[in-house]
Amino acid sequence: MVPTNYYLLLSAILFGLGIVGFVFKRNIIAIFMAIELMLNAVNLAFVAFSQALGKGDGEVFVLFVIVVAAAEATVGLGIIILTARNRRSLNVERVDLLKL
Amino acid sequence: MTGPLIIFLVLAALAVLGAVSLILQRHPIHSALSLIVVMVALAGLYLLMGAEFVAAVQIIVYGGAIMVLFVFVIMLLNAGVEERTNFSKLATYAGVPLAVAIAGLIAAAILKSSANLSTAGPNGALTSTKNLSMLLLREFVYPFELTSFLVLVAILGAIVLAQREN
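Chains as they are written, first to last, in the numbering used here: chain A, 1 to 100; chain B, 1 to 166.
These are computed hints drawn from the structure, not numbers from a lab. Where a beta carbon is used, it is the ideal one built from N, C-alpha and C, also for glycine. You may find that some hints are simply not true.
[Said to hold, decoys possible] If you only want the chain A side, here are some residues facing chain B, beta carbon under 7 Å, derived: (1) 9; (2) 21; (3) 60; (4) 65; (5) 95; (6) 97; (7) 98.
[Said to hold, decoys possible] According to the in silico footprint, chain B covers these stretches of chain A (three or more CB under 8 Å from chain B): (8) 11-19; (9) 26-39; (10) 43-49; (11) 73-86.
[Unchecked claim] As a list, the in silico EDC-like pairs of lysine to aspartate or glutamate whose alpha-carbon atoms are at most 20 Å apart: (12) B/130 / A/93; (13) A/55 / B/83; (14) A/55 / B/52; (15) B/89 / A/93; (16) B/130 / B/145.
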């Protein structure tokens, strides 16, 4: 048996790494992947709590988070394709104006 | 060291290494492959905890569908190596310490509040797939139906965004 705390610590570490990636990456797709990493870290905490408390609610929430992440990925990547087409760059520092 | 603990440590190391690699790689396709490593390691951890349905969904939806979408977009845009630009002074000196501080803060809060939780492991019937589907289609049936609207809106949004203006 693995203590629940270990899972929660791993979740916190992955979330911290996601924040670091979100802040430091310059490529807009890589920033988006850092967001997915943070969502995964939260999912790990949900499942760990769900198993520790012996209730299924946490796992249901994880399924909802995965659905929302899929919807977010479709719309977000659509927006990324549009910005890349209009600005000819994936660097977020070049995307600093709302209007071209 | 028991068997599950060794498996946990291996998978946890794999996940953290994948996450670090995601940040350090400069080509987006390498970052995407690192993210797939993280997701597969997390699916292994879910299996270790006894959440087999979540593990399967993690592999199929995250490792399969979402990451294929990412790789498609990277190849469609012909994304190259990330440009290096100068960080602001604040980010250079305060960025990493602040990120470590927030991870430490979260970890400290978790450890403090979960002191009475003993172990996570397969609890058998308590969270089996049957039980999960009962919960999903009885207690959580309204949120479940609402997600279908969410996915519909996402499909419509993607179509509207991706079409070329004439």
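Exercise. Does the structure break any of the earlier hints, and which numbers would those be?
Worked result: 4, 5, 6, 7, 12, 13
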